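Asks: Going by my numbering, the letters in the sequence shown line up with residues 314 to 618, in that order.
Derived by calculation from the structure, the hints in this document are not laboratory data.
It should be emphasised that the depicted structure is a prediction, and the values quoted were computed from it without experimental measurement.
Warning: the hint list may mix true and false statements.
[Stated by the list, open to error] FRET-style restraints, in silico, Cβ to Cβ: (1) Asp360 <-> Lys468: 12 to 22 angstroms; (2) Lys552 <-> Glu490: 25 to 35 angstroms; (3) Lys411 <-> Ser462: 39 to 49 angstroms; (4) Ser352 <-> Ile473: 43 to 53 angstroms; (5) Lys337 <-> Asp471: 17 to 27 angstroms; (6) Thr407 <-> Asn478: 37 to 47 angstroms; (7) Phe362 <-> Ser546: 34 to 44 angstroms.
[To be verified] Only pairs whose alpha carbons sit at most 20 angstroms apart, straight line, appear in this in silico EDC-like list of lysine to aspartate or glutamate: (8) Lys336 <-> Asp520; (9) Lys356 <-> Asp368; (10) Lys477 <-> Glu517; (11) Lys468 <-> Glu432; (12) Lys487 <-> Glu574; (13) Lys470 <-> Asp426; (14) Lys411 <-> Asp426; (15) Lys351 <-> Glu365; (16) Lys543 <-> Asp426; (17) Lys346 <-> Glu367; (18) Lys556 <-> Glu365; (19) Lys542 <-> Glu432; (20) Lys556 <-> Glu432.
Glycine is no exception: its CB is placed at the ideal position from the N, C-alpha and C atoms.
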Amino acid sequence: MVVLHYFTEYEQAVIEKFLEKLKKYTKNDYINKLSLFKSSISKYDKDLFHVEVEDCKNFIEFIQNKYAKSTCEKIYGYLHSFYNFLYKHGYIETNPFKFVKKPSVSRMKTKDDVMSFDEVNRLVSILDKLNIRDRVIVVFLLTTGCLLSELVSIKWKDFIIDEKNNYYCKIGSKKKERIIKLHPYLWELIIDYRKNLGMKYFFEPTDEFIFKGKDNQSITDRNIRLIVKKALSLAGLEKYSCKDFRHSFASFSLKLGCPDETIKQHLGWSDKYYAIRYKYVINFLDDQPIDYIMSTNKLKINDKE
314 MVVLHYFTEY
324 EQAVIEKFLE
334 KLKKYTKNDY
344 INKLSLFKSS
354 ISKYDKDLFH
364 VEVEDCKNFI
374 EFIQNKYAKS
384 TCEKIYGYLH
394 SFYNFLYKHG
404 YIETNPFKFV
414 KKPSVSRMKT
424 KDDVMSFDEV
434 NRLVSILDKL
444 NIRDRVIVVF
454 LLTTGCLLSE
464 LVSIKWKDFI
474 IDEKNNYYCK
484 IGSKKKERII
494 KLHPYLWELI
504 IDYRKNLGMK
514 YFFEPTDEFI
524 FKGKDNQSIT
534 DRNIRLIVKK
544 ALSLAGLEKY
554 SCKDFRHSFA
564 SFSLKLGCPD
574 ETIKQHLGWS
584 DKYYAIRYKY
594 VINFLDDQPI
604 DYIMSTNKLK
614 INDKE
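Work the whole structure out from these sequences, hints included.
Replies: Written as structure tokens, this is what we have:
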């Protein structure tokens, strides 16, 4: 049974029913959001089944004064989804969050969402200060633009090598499942990582996750964020986060002239017109071609050596 703080036994039972088909890291996210909401209504001696629209409005106003807009939007989405579940299963008569204005975030990206070429090089320059696993994680995010949920789910069986020694990885699930090409530098790091783990060079199609946590299961997205936060701090780039790696990848690809449809397929977008969100920000990138140096010991942009 999942340990849920702040909740009554009845609330816990219902929450567990709601969470039963979700992945572990998604369950944790929901529990955190529900705990935050429960703590705000507990001072009025209310439970999750007897909240009013005003309670929900007050809570959203509270978090908007405390968290970033994107975080507020996410919290609202989690709570709206949970209360939809309560409504559909007859626990409540209506979803109170239906009558609360959703915190909105502009989808247009700005220069604050995207790293410059120089900043990418600064990040690359500190990679040697990380252990081999963390280096693989940072470079994987930086050179593929994949989502954290996709990264933590990768297994050794998902890697592919073709007859020309090109390297690929299957990521995503269901409609967003796709095969992406890997940068040679990333592949060399993966091989070093395997050696460090005492594994053979030959890739056996095993069901093991490539990045494991303490329980020998997949590492969590929270752990990934902490690893990236450390790397960014070492590079003096604290203002960025994991999501900015994905935004940077999309922007760099557009700057290179990569077709919108190709970027859509690589990043798993549902619509190629997502690229419109980046059209403005690429004007702030250096007006130079991007050149990832495909060598054994470098991964730099605009390297003139």
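Asks: For each hint, tell me whether it holds in the structure or not.
Replies: We went through each hint and held it up to the structure:
The beta-carbon spacing between Asp360 and Lys468, approximately 41 angstroms, falls outside the hinted interval of 12 to 22 angstroms. Distance hint check: the CB atoms of Lys552 and Glu490 are about 33 angstroms apart, consistent with the given range 25 to 35 angstroms. Against the hinted window of 39 to 49 angstroms, the Cβ-Cβ separation of Lys411 and Ser462 comes to about 27 angstroms, which falls outside the hint. Evaluation of the 43 to 53 angstroms hint for Ser352 and Ile473 yields a pass: the beta carbon distance comes to about 47 angstroms.
Distance hint for Lys337 and Asp471: a CB-CB separation of about 19 angstroms, consistent with the stated range 17 to 27 angstroms. Between Thr407 and Asn478 the C-beta distance comes to about 59 angstroms, which lies outside the given range of 37 to 47 angstroms. Our hint of 34 to 44 angstroms for Phe362 and Ser546 holds, since their Cβ atoms are close to 43 angstroms apart. Taking the CA atoms of Lys336 and Asp520, the gap is about 17 angstroms. The hint holds against a cut of 20 angstroms.
A threshold of 20 angstroms between alpha carbons decides the hint, and for Lys356 with Asp368 the separation of about 11 angstroms falls inside it, so the pair holds. With a C-alpha separation of about 19 angstroms, the suggested pairing of Lys477 with Glu517 holds against the 20 angstroms cut-off. For the hint pairing Lys468 with Glu432, the CA-to-CA distance comes to about 30 angstroms; that exceeds 20 angstroms, so the pair is violated. For the suggested pair Lys487 and Glu574, the alpha carbons sit about 19 angstroms apart, so the restraint of at most 20 angstroms is met.
Under the criterion of a C-alpha separation no larger than 20 angstroms, the hint pairing Lys470 with Asp426 is inconsistent with the structure, at around 33 angstroms. For the given pair, Lys411 sits about 30 angstroms from Asp426 by alpha-carbon distance, which is inconsistent with the 20 angstroms threshold. This hinted pair checks out: Lys351 and Glu365 have alpha carbons roughly 13 angstroms apart, not beyond 20 angstroms. Taken as a hint, the Lys543 and Asp426 pair is honoured in the structure, with Cα atoms around 18 angstroms apart against an allowance of 20 angstroms.
A hinted pair counts as satisfied when its Cα atoms are at most 20 angstroms apart, and Lys346 with Glu367 qualifies at roughly 18 angstroms. Among the hinted pairs, Lys556 with Glu365 is inconsistent with the structure: their alpha-carbon atoms are about 34 angstroms apart, more than 20 angstroms. Between Lys542 and Glu432 the CA atoms are separated by roughly 15 angstroms; this keeps the pair inside 20 angstroms, and the hint holds. Restraint check: the Cα-Cα separation between Lys556 and Glu432 comes to about 15 angstroms, which is no more than 20 angstroms; the hinted pair holds.
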